[in-house]
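Enquirer: Sequence:
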Amino acid sequence: MSDIIIDEEFRNLLPALDSERYAMLEESLLQFGCVYPLVLWNGILIDGYTRHRIAMEHGIPFTTIEKEFGCRDEVLIWIVSAQISMRSLSDIHLSYLRGLHYIADMRKHGLGDRLSDDSEKAQNEPLQDSSASRSARLAKLYNVSPSTIKREAEVAEAICLIVQISPLAKRKILSKAIRVTRTLLRELLTWEEEDVQKFTISIEEGIL
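In our numbering, the protein residues as written are 919 to 1126.
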């Protein structure tokens, strides 16, 4: 199954296992095999990245199943929803995933990528109404307020900028290995590109 496509955007949505949990999963696969199938969409791996890596390293057979989605954003929402329901995550990691869900949901319906520009929404009443209804729906799903969902979308946008510069910095933020507040992340959206880069490198090097 060497033709499986590894998509970096989808892979980066999944938190990396620490060395102890990785070793436990590796031992399980070596002893019992890859019991659960890997999940694909159009040949792209969307669930089972660590199992796939271990199976390929050790020549362990595995099976796959294909799921059908209408677009990439539907896949992203599926991955995010699975992560939220299955894992014990930090508060900021939950904010990031809920924000990604909102962004993907808006983008899927052609409502734009940057969701933090309220002035643009104010000029377009149908967009504003749609944004409000979708934030309300997700707020109900995740038991938070609609305004929280919109703030979390800004947090997700900021972290998406950071991961383009340093995936390690993103992991440090989401695991709380280094403390970065949601307020600071939202402010980062107004910074110059050079300042974002310097900030990200300082996180990566642990000197924030």
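Any given hint might turn out to be false.
With a straight-line Cα cutoff of 25 Å, these simulated SDA-like cross-link-like pairs (lysine to any residue) come out [as the list claims (entries may be wrong)]:
#: 1; residue 1: Lys-1068; residue 2: Trp-996
#: 2; residue 1: Lys-1090; residue 2: Lys-1058
#: 3; residue 1: Lys-985; residue 2: Asp-1009
#: 4; residue 1: Lys-1094; residue 2: Glu-1105
#: 5; residue 1: Lys-1026; residue 2: Ser-1003
#: 6; residue 1: Lys-1058; residue 2: Val-1081
No lab work stands behind these hints: they were computed from the structure.
Enquirer: Could you run down the list of hints and mark each one as holding or not?
Expert: Taking the hints in turn, this is what the structure says about them:
1. In summary, the hint linking Lys-1068 to Trp-996 is supported, as the alpha carbons are separated by about 19 Å, within the 25 Å threshold.
2. A distance of roughly 29 Å separates the Cα atoms of Lys-1090 and Lys-1058; the hinted pair therefore is violated under the 25 Å criterion.
3. For the suggested pair Lys-985 and Asp-1009, the alpha carbons sit about 30 Å apart, so the restraint of at most 25 Å is broken.
4. Of the pairs offered as hints, the one joining Lys-1094 and Glu-1105 holds, with about 19 Å between alpha carbons and a cut-off of 25 Å not exceeded.
5. Distance check on the hinted pair: Lys-1026 and Ser-1003 sit about 22 Å apart at the alpha-carbon level, within 25 Å; holds.
6. The hinted pair formed by Lys-1058 and Val-1081 fails the criterion: a straight-line CA distance of about 29 Å is larger than 25 Å.
Of the numbered hints listed earlier, those contradicted by the structure are 2, 3 and 6.
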